[in-house]
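Enquirer: Single-letter residue listing:
There are 2 protein chains.
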Amino acid sequence: MILKFTEGRDRIVCEYCETIHYTNPKLVVGALSFWEDKVLLCKRAIEPRKGFWNVPAGYLEDFEKAEEGAIRETWEEAGTDIDIIQPYVIYNLPQANQVYIHFLAKLKDGIVRNGEESIESGLFTEEEIPWKEMAFTSSVFALRRFFEERKSGIFTIHLGTYPDKT
Amino acid sequence: MILKFTEGRDRIVCEYCETIHYTNPKLVVGALSFWEDKVLLCKRAIEPRKGFWNVPAGYLEDFEKAEEGAIRETWEEAGTDIDIIQPYVIYNLPQANQVYIHFLAKLKDGIVRNGEESIESGLFTEEEIPWKEMAFTSSVFALRRFFEERKSGIFTIHLGTYPDKT
Numbered sequence: 008m009i010l011k012f013t014e015g016r017d018r019i020v021c022e023y024c025e026t027i028h029y030t031n032p033k034l035v036v037g038a039l040s041f042w043e044d045k046v047l048l049c050k051r052a053i054e055p056r057k058g059f060w061n062v063p064a065g066y067l068e069d070f071e072k073a074e075e076g077a078i079r080e081t082w083e084e085a086g087t088d089i090d091i092i093q094p095y096v097i098y099n100l101p102q103a104n105q106v107y108i109h110f111l112a113k114l115k116d117g118i119v120r121n122g123e124e125s126i127e128s129g130l131f132t133e134e135e136i137p138w139k140e141m142a143f144t145s146s147v148f149a150l151r152r153f154f155e156e157r158k159s160g161i162f163t164i165h166l167g168t169y170p171d172k173t
Numbered sequence: 008m009i010l011k012f013t014e015g016r017d018r019i020v021c022e023y024c025e026t027i028h029y030t031n032p033k034l035v036v037g038a039l040s041f042w043e044d045k046v047l048l049c050k051r052a053i054e055p056r057k058g059f060w061n062v063p064a065g066y067l068e069d070f071e072k073a074e075e076g077a078i079r080e081t082w083e084e085a086g087t088d089i090d091i092i093q094p095y096v097i098y099n100l101p102q103a104n105q106v107y108i109h110f111l112a113k114l115k116d117g118i119v120r121n122g123e124e125s126i127e128s129g130l131f132t133e134e135e136i137p138w139k140e141m142a143f144t145s146s147v148f149a150l151r152r153f154f155e156e157r158k159s160g161i162f163t164i165h166l167g168t169y170p171d172k173t
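Top to bottom, those sequences are chains A and B.
Under our numbering, the first residue of the first sequence is numbered 8, with each subsequent residue one higher.
Under our numbering, the first residue of the second sequence is numbered 8, with each subsequent residue one higher.
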């Protein structure tokens, strides 16, 4: 494989058969889930950012719907079921070649467990959130928007990019 | 490469070094752009669905922000600049292993041209849209939501899946 300027940009091309091997950003899906006045966070049991808190999220799997991925990740990380309300945040991480879709969701029963990918799961009010121990800015961005909008009860859709705004 | 049951699902694994080659759905980004009471559509000059009309869209490129991809695709297909208003539609195409993000956008000057990937570009009122000659259901879904919401002037965010609803 070689890098070759093709179709207006550098692409990975086989130097023998000239086949272009297209690569694209990865889609990460997650769910900002709430229960009464609290939100669900999980302490990561795996790298990167092991030991830091996060909104459950992970790579969308082949042939999966975006919201199914968010439901699956929430189960893997917090052992709990959610109802998706709406897409809530699109967050670009161009340096990591990732785009996040965070859904807004409601916990079905308010019970959280420690999923296999988490050291600990918990429900946090705005004041209790460990802001300085958050794993990723995508979660911070989503949480800030949620607590701003919760006052009005009207949730919109938000577009963000690291490092522009958290 | 072989398919091997790993991490709870079939993954593509090298049979010699056991490296897992992760594959994921592709992210397609587009823009539903309007000018006064008309929306921008382009007649595709390339397969698939050559000769059918579509909202400008295409694969997000490496290290690109989602909205940058939508702006680029609109330029490539219609030779026109847009201002992004908000993310508007998340649309799953699990059978094609794709997730679309369509943005709502406004044309900067109302002038459209034929980009290199289009046979023809045009601005259409709701009544003028060639509904039976549309290339992809993701565009139909976005257009239907747009014309429903335009009456109130309040645009939200929509989640859809083919073939559930258009």
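Read the hints as simulated data drawn from the structure, not as lab findings.
Heads up, some of the hints might be wrong.
Because identical chains cannot be distinguished in the list, a pair is counted as satisfied if it fits within a single copy or across any two copies.
[What the hints assert, rightly or not] BS3-like, lysine-lysine: derived pairs with alpha carbons at most 30 Å apart:
hint, residue 1, residue 2
1, K33, K57
2, K115, K11
3, K113, K57
4, K33, K139
5, K11, K57
6, K33, K50
Enquirer: Check K115 against K11 for me: Cα-Cα at most 30 Å, and say if that holds within a copy, between copies, both or neither.
Expert: For K115 and K11, neither the intra-copy (50 Å) nor the inter-copy (34 Å) Cα distance is at most 30 Å.
Enquirer: Evaluate K33 and K139 at a C-alpha cut-off of 30 Å and name the case that applies: within, between, both or neither.
Expert: within (26 Å within a copy, 33 Å between copies)
Enquirer: Is it within, between, both or neither when you check K33 against K50 at 30 Å Cα-Cα?
Expert: Both: 23 Å inside a chain and 29 Å across chains, each within 30 Å.
Enquirer: Since the copies are identical, ignore which copy is meant and state whether K11 and K57 lie within 30 Å (CA to CA) inside a copy, between copies, both or neither.
Expert: Classified as between; 27 Å across copies, 37 Å inside a copy.
Enquirer: Given a CA cutoff of 30 Å, do K113 and K57 count as a within-copy pair, a between-copy pair, both, or neither?
Expert: within (25 Å within a copy, 42 Å between copies)
Enquirer: With 30 Å as the alpha-carbon cut-off, assign the pair K33 and K57 to within, between, both or neither.
Expert: both (21 Å within a copy, 27 Å between copies)
Hint 2 from the earlier list is the only one contradicted by this structure; the remaining hints agree with it.
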